[in-house]
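Those protein sequence lines, which keep their order, are chains X and S. Per this note's numbering: the first sequence ends with 683, consecutive numbering throughout. Per this note's numbering: the second sequence ends with 662, consecutive numbering throughout.
A hint or two may mislead.
Unchecked claim - Beta-carbon label-pair distances, calculated as ranges:
{"no.": "1", "chain 1": "S", "residue 1": "Gly124", "chain 2": "X", "residue 2": "Pro497", "range": "44 to 50 Å"}
{"no.": "2", "chain 1": "X", "residue 1": "Pro497", "chain 2": "S", "residue 2": "Pro524", "range": "26 to 32 Å"}
{"no.": "3", "chain 1": "X", "residue 1": "Arg572", "chain 2": "S", "residue 2": "Asp390", "range": "35 to 41 Å"}
{"no.": "4", "chain 1": "X", "residue 1": "Met612", "chain 2": "S", "residue 2": "Arg210", "range": "36 to 42 Å"}
{"no.": "5", "chain 1": "X", "residue 1": "Glu573", "chain 2": "S", "residue 2": "Asp92", "range": "30 to 36 Å"}
{"no.": "6", "chain 1": "S", "residue 1": "Ala597", "chain 2": "X", "residue 2": "Arg76", "range": "57 to 63 Å"}
{"no.": "7", "chain 1": "X", "residue 1": "Asp337", "chain 2": "S", "residue 2": "Gly124", "range": "33 to 39 Å"}
{"no.": "8", "chain 1": "X", "residue 1": "Asp337", "chain 2": "S", "residue 2": "Glu248", "range": "28 to 34 Å"}
{"no.": "9", "chain 1": "X", "residue 1": "Glu636", "chain 2": "S", "residue 2": "Gln206", "range": "54 to 60 Å"}
{"no.": "10", "chain 1": "X", "residue 1": "Arg76", "chain 2": "S", "residue 2": "Ala601", "range": "44 to 50 Å"}
{"no.": "11", "chain 1": "X", "residue 1": "Asn80", "chain 2": "S", "residue 2": "Glu289", "range": "54 to 60 Å"}
{"no.": "12", "chain 1": "X", "residue 1": "Ala51", "chain 2": "S", "residue 2": "Pro312", "range": "42 to 48 Å"}
{"no.": "13", "chain 1": "X", "residue 1": "Leu134", "chain 2": "S", "residue 2": "Gly506", "range": "18 to 24 Å"}
{"no.": "14", "chain 1": "X", "residue 1": "Arg76", "chain 2": "S", "residue 2": "Glu241", "range": "32 to 38 Å"}
As the list claims (entries may be wrong) - Per the computed footprint, the stretches of chain S lying under chain X, defined by three or more beta-carbons under 8 Å from a beta-carbon of chain X, are:
{"no.": "15", "segment": "308-316"}
{"no.": "16", "segment": "546-558"}
No lab work stands behind these hints, which were simulated from the structure alone. Because the structure is a prediction, the values reported are computed rather than measured. For every residue, glycine included, the Cβ atom is placed at its ideal position computed from N, Cα and C.
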Amino acid sequence: MREGTTKVVAVDVGGTFTDVCVLDQSDGVLEVAKVSSTPDPIDGVLAGVAAAGIDLDEVALFCHGTTVATNALITRRLPNAAMVTSRGFRDVIEIRRGTRDDLWDAYKDNAPPYIRRRDRFEVTERVDCTGKVLEELDEDDARRVARTLARRGVETVAVCFINAYANPAHEQRMAEILAEELPDVSISTSSDVLPELFEHERFSTTVANAVLSPLVSGYVSELGRRLESGGYDGDLLILHSGGGVMTPEAVERLAVRLAASGIAAGAVACQYTAALCGYPNAIGLDMGGTSTDISLVYDGRLRVTNEWFVEHGYPICLPSIEVLTIGAGGGSLATIDAAGSLRSGPQSAGSVPGPASYGTGGEEPTTTDANLVLGRLGDRLVGGEMTLDPALAEQAIRSRIAEPLSLETTEAASAIVQVANANMADAVRLISLQRGYDPREFALVVFGGAGALHGAALAKELSIPTVVVPPRPGAWSALGCLMVDIRHDLSQMFLAPAHEADAEDVEAVFADLERQGRELLEAEGVPEDRIRLERSIAMRYLGQWRSMNVDVGAPVTDLAAAVEQFHREHEREFSYRRDEAPVELYRLELTAIGQTDDVRLPRQERADDPQMPSPVHTRDVWFDGFDEPQPTPVYERAALPAGVQFVGPAVVDQLDTTTLVPPGVLAEIDEHLNIRMHITEGS
Amino acid sequence: MSAQSTTPEELNRGLDPVTFEVLKNSFVTVVDEMAEQILRTCHSFVIFARDFSCALCDAEGNTIMQGSQDIAVHVGTLHLKAKAILEDFEGDIHEGDVFAINDPYRGGTHFSDVSIVRPVFADGELIALAQANGHWADMGGSTPGSFDISATDHFGEGVRIPPVRIVDRGVVRADVINLVARNTRAPGDIVGDCHAQIEATRIAEQEIFRLIDKYGTDTVVTAFAAVQDYVERLTRARIAELPDGVWETEDHIDVDPGSEEGLVAVRVKMTISGDEIVYDLSASDPAIENFLNSGAGVAFSGAIASAKTFMPDIPLNSGFYRAIKVEIGPEGTVVNAGWPLAVTGCVSGAYEKIMNAGFELWSQLMPERAMACCFNLEYLLVGGRDQRADDRPFFMWYDWMAGGWGGRNGKDGQNATSPVFGVGLAVQPLEGQERLTPVVTSTHEIITDSGGPGRHRGGCGVRKGGELTQVEHAVMSYCCDRARSVTWGIAGGLPSVPHGVWLNAGTDRERFLGANFSNVPVGPGDRFERPSAGGGGFGDPLERDPAEVLEDVIDGYVSIERAERDYGVVVREIDAELSHYEVDEAATTAARERERAGRGARLEEDPEAVARRFRNGELDVLDLVRHYGVILDWGSGELLPRTTEQYRALLRRRSAAHWPEA
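In isolation and in its complexed conformation, chain S is listed as follows:
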């Protein structure tokens, strides 16, 4: 496609280039203004941490523009929610109305993400929908924060809001808002956030009116379509530069609790022909018996967001979705669970796997932007009664961490960065948490050796934990994954570290709770901690420059022990107090030769024998996941034979196959 072959007027539906550019930028300003308003007035700390998104949609519900700072997982879901409202209220939408929806079975993400949608009218005709979507702190259900891993269907998860009218021709339906708010644990905050979002959409409406006053309705409505054409053209031009072909891979959820041990596959096939891409997710495994399944909207979003990561400069709207199509397949799979199966944990489950599988495929297509697997989104939740105050109010210690991103072509991965789920999602200040909850944080630090080894190391993950003080009737829940499907490397790089929560580590009450659990009773004095994984490594770690390994040792990103084990680099301490260390060149050469000769065979060793060596303290977790490809139940030390077999195959494909012959 060439911009030169047609006149700009033809390209932009008759708009002159200036009007087009001005309106395009104005639409960006409209959604960013909505975002700024929400950020400054919200009540939910989750929204304040930037778990929200805004969009302007056209009269058919297609997205004209999405916010430039929006959370990734909402990408590609806002137009679906808009369409659901248009469908249910066809012929019954009026000036001054406002609607709400959170329905994950109608294109939404999960119950916590509530969209407020305002139809915008010009001369009595519906021309647009302004949408503000935010993560509310609690939506009811059996668990504080509405994350119940044990829920197998929607009834245990929270309040489902199908398209519903909350403002009727300018009159706020307080009864309807209350119906929702009173089914949650934080009704005051819910009402506050609802108002903040209603006002944000009103600001968007005012801005559209201003544009109409200046340019006229026809021009503005034409620009709604022209801006989508524009993004479609940009996207198609970019795709046309890529080779045609079919690329396939799979990434995995740890386990289906309703089935025997073994990884659950999310399969992503990508076909490029000409200037179009089709993602096909339909070959993914059947839906599982916990809430890591996703609905169709989130699956669509995962595919789109992985593509967007490799075309970061293209603005997002429905034009993007016309050039990149996604086949989700029929209901009943882990990526399209269907009502009433549980889906609230989709953001840690299927969504993450689609995103990262996409990264693996795109890394082959655009090696200059290649990136290994990034750490998996994780949420830890402690809820109960706070005895510090006389009325013993409900408290929620609802926490998520930054973690490591994958190693890249020519660059190490980024340390301690927000999850791919939403890079704008800010971690919370622990000093704020300590005021609001009876939990004292014991540590918030980068974990030595957590980055997946590689020629370019994965970014380091983070450890956070704490001690419960004056709590009562408290329970702990965790929504994560990748205790077994460990964050992987590519092009010869190695995995990082498994996820999972430890309770009272190092005491006789020590328990490994795993990477997904809910409602574990906890009490005063209990201590907990968990890691966020590092990113996977990129390239063969034995080819990493020893000088870079030395710097990593000085900064404590890598330990002296693992510098030798993972990188074959022997570092000697000269004066730790002055950060003086040096590389022993001769010992390094010898260690690397030894490692090259021996490493392939370790993936063939009898897994049960390896598990025994782990249990008697000869090998540690990092040895198992990086060098032996053996996966255990990390609490009991029991071998998971089927998972190990699958994991070894993946390690051979992504890592060992790229190592030079010994």
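Same shape as in the complex, but just chain X:
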């Protein structure tokens, strides 16, 4: 971090908005600016920085989460790319695993592969599963292909050979030949990007890396240049899918790690908030206009998956934070289906035409309209810049839902919200209960524009005792970019039954991974005292197909403890263990962490006798379980000092969100200016 200045900047570029958060580390003051995203995202980034009213030369650290990579994959706006593979296997990435996302709809197709068949080339070579060469690389063949690619003006190449995880020599030689014939072209080999078993998963990850590489590296270096010419001379750190940040140099080698950069930020923010509040376990609910992202923190750590994709059929198998996205948001449409049942989402009114109450042409009722009719949402949004029309909301709910179901309008509105909440609760159950986690041991961290309206009801439904609403819910996920360390995830296949494996061999592989991790961090200028290395072993019962990660310490001298740990973890997650069954080691994994400086968030000491401010006004709000609307005080959030406690019903309004505190729920403002709601059985 740059000396002498105290401002750190986090920028989250989304599809619609670019959020810029400026945090002054000296006093913890947080400024937020929201501008529209632009066709060249860098224009939006700089516009956001300008809107936040800061000069780049007073910025100490610049962190960034971006959907540039995700969008490029989805829209297929990709550079001229080619693939070179073993003879007989050029269609592996098109055959995939054969499956289709929608099992029954024969008219819903898989997306096409990132590299078309005409751009996939074969060379003669083959190694077997032990790494033994069955057929030498035909160098004439390889050079012929390289020259063809040069003639075609290819900008990036994926080199993907069968069994290259067991012996990378042929891939490396192919890369050399390509480099000779195509000097300025970016080359990704599967043995470098993901040295793991299973050809489609490895090839697919490598191909995604290849197609993203020129694009993302170009973006990151252009951003660096423009920041620099604006006066910034600190580090640029980019958030990657695994919930760490990486430097522009690391992006150049492994561009695919940015594929979920935009989604990871919210999960990281949840993890950070939970830790700040002292909750080891938390579920993050980032609810926006069209969708909700749900993440899970257990024992202080986010759940990470190696089975992740942007589009079904094209896995990206580097560690990615597990985020479950469902089609439920403020704009979710409420409908009655052909059999007379009330449904909520996944269709959304979007920003056009928007919810009925926006008065922008939307005629179908949304969750936002229902909240408005129930008085839970006020008729002014974003600090009064936007007004909502309750009459339009009522009209939509009455004609589309209430009358067909023979309900009062408010009953119908309440039903819409309850169905939406139930859908979200089901999604939370899928990532918690189903994985053996009991929601009662978790806190619910709610953010995004709509999360705080639904948090209390969801917590009650799920028996979650505490809800945390961070101080700036609308911009909270952007802050996630600031809250992480530099992370490199390295791994090595190690297939052996645990009782036959030699601890010394395991230790040797870990030592090698550590050396690589250290080298990467040192090249990035991370000092020794900031380096942390975490080891884990992926294991499974012999014969099982999926593995599970177990953390291990260093050095490894005995595998019995790790095996016992595996039995325990398996029992926790799947509710049974098989002590008599042999356990197999699958893969050794190392996370090399370069710790960044801690961020300092806004903080306010609790006054000895904090005073509750007077409500701005009082309005009637319908709550579940009440036959009458309840007169409910409405507070301005900024006026609530740390340390105050109050009991619902209450509504807390702020620029970017509304928090609903149902009757009987105890709410307090903590020293980090979070609202914490305590949900009890009776509330």
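Fit chain S to the known structure of chain X by using the hints.
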């Protein structure tokens, strides 16, 4: 029917709309949670590849909800298995019990699919059954993987599990589980999968208890019924929009090995009246002397799954089966073989034919969702001893492929997609196979020209093959079909390619083994390969936009030669290295005129003369199945006269009849 005419309380048996919707979605979550648990803990690679299914059934065994990612062939069989258990153990079902069943003669699919069923009790009363059904890798019998094409009855196929108790009031009956496991080649995996499935049903039970705590037993049990009513209403509303009438077609299994050559008909008649559909399969041909027959459960499933394909958004439960009925007819037919006739290959045999015949009928009813025939499910199995390890363990190279789906109205078919049998069934990674078995894969690629030509081309099929290395006492078996009843086009579209395994192709030891065989001895150095078919074409190929044909040539989905032969499009190569090709417009117009004038007559040419031209290399397989309608034994080149006559009639009906007059 109109939702507005009754109040929601009447519709949903007194449940308010919120409670109803919440419980309905919760039931989906319950079965999906079971599925996730199985997927993460299973041992069988077949289950891991998603050949399994889960259901929640009510106290009568009717399905309340089936998993959203389940394998198609299990649709409509889970309630039958549940009912079989209720029937056999009536009055003797207790809290803490768990049962197993795989019996294809009691509604099951084949012996490999084993259901684990847990009764769920509330206040001492049975209210539901949680069921997890998975394909176990081996169930004994004469062939590794339990697929013996030569078996004519159940005794050669594998272990039959009638309804049997495996957990008795909470105590696991290890003796009973062992009785089954020890009759298989992979007892450790079988026990592991059994445990994974037992635990999955326990998770479902916990979730039901949670719902009962919150809503009360009465409400939850009422919702079990209301959710079935709901699906029935949705289905009936959809059917009511369709015209009344009777639609009929037939699709075919290649041959009855116990009889002379000739296609075996699976006949599907569909009657729509008002808001109800009745499928009638009873006019199908008699059962055949191999394992491609099906039992009644699978026949029911095939009919239901074809309907579901055209109403993909309707959830599946017994409400669907109340609006769509299936007459299977008496035992003794190819769709209802009856004990003890062999049925293990039903998934490649009768099931596929019912599904695709259904697609043909529904394509007329819903032209906007029309689809030609899809490639037939295929399984290749090499089993023996692996000499790479000192103890020379059993190995099984058990492989299935993706293939092409039928051309559609306005869209080409999908390339390389899992079979209609189960679109979630994932193909296996060859790098995993090479570790586990002494078989080195030589190719896994899309086949040029494999998609059935049409205005909208069928999706392309795939080729996979390999070489056996350090094997001992190895045999090869294959479960497939459509070497003769070739994957067909509709609305003027043409067929794709015949199935069949080639051994040592291009050498003096070359042999065509056909699309169904078992226990062929193979040894080190033997090479094999087989195609999966493409999908049939949709619409007249001479009307395909030449620009689309050009793109297909550039990507190698279609060759330059066949672009001219099948589509009448003449493509010239300019610079292949740069993928530069162009359409010769004038030559294309001429070729298409010539083709229009000549194609009808080819279906009348003397088949024996055509066979001779094939044998002397003048014509190839694609010419025969697409343009002459002539079917041979592809290994010997010998004409199959009766099959050819039947095949030509089908080609005239599905293809030639839709071509404009020359």
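Checked hints:
1. Against the hinted window of 44 to 50 Å, the Cβ-Cβ separation of glycine 124 of chain S and proline 497 of chain X comes to about 46 Å, which satisfies the hint.
2. Distance hint check for proline 497 of chain X and proline 524 of chain S: the Cβ-Cβ separation is about 27 Å, which falls inside the suggested range of 26 to 32 Å.
3. Distance hint check for arginine 572 of chain X and aspartate 390 of chain S: the Cβ-Cβ separation is about 37 Å, which falls inside the suggested range of 35 to 41 Å.
4. Taking 36 to 42 Å as the suggested C-beta distance range, the pair methionine 612 of chain X and arginine 210 of chain S conforms, at roughly 38 Å.
5. Checking the proposed 30 to 36 Å range against glutamate 573 of chain X and aspartate 92 of chain S shows it holds: the Cβ atoms sit about 34 Å from each other.
6. Separation of alanine 597 of chain S from arginine 76 of chain X is about 42 Å and departs from the stated range, judged on CB atoms against 57 to 63 Å.
7. Range check, aspartate 337 of chain X to glycine 124 of chain S: Cβ separation about 37 Å, and the 33 to 39 Å hint holds.
8. For aspartate 337 of chain X and glutamate 248 of chain S, the Cβ-Cβ distance of about 32 Å falls inside the hinted range of 28 to 34 Å, so the restraint holds.
9. Checked against the given bound of 54 to 60 Å, the beta carbons of glutamate 636 of chain X and glutamine 206 of chain S, roughly 44 Å apart, lie outside it.
10. One distance hint, 44 to 50 Å for the beta-carbon pair arginine 76 of chain X and alanine 601 of chain S, holds here, with the actual separation near 46 Å.
11. At roughly 57 Å, the beta carbons of asparagine 80 of chain X and glutamate 289 of chain S sit within the given window of 54 to 60 Å.
12. For alanine 51 of chain X and proline 312 of chain S, the hinted distance range of 42 to 48 Å is satisfied, since their beta carbons lie about 46 Å from each other.
13. Restraint check, leucine 134 of chain X to glycine 506 of chain S: a C-beta distance of roughly 19 Å satisfies the suggested window 18 to 24 Å.
14. A beta carbon spacing of about 37 Å between arginine 76 of chain X and glutamate 241 of chain S agrees with the range 32 to 38 Å that was offered as a hint.
15. Counting residues of the segment 308-316 of chain S whose CB lies closer than 8 Å to any CB of chain X gives 4, so the stated coverage by that chain holds, three being the minimum.
16. Residue count for the segment 546-558 of chain S with a Cβ under 8 Å from a Cβ of chain X: 4. That meets the three needed, and the coverage hint holds.
Of the numbered hints given earlier, the model fails hints 6 and 9; all others are met.
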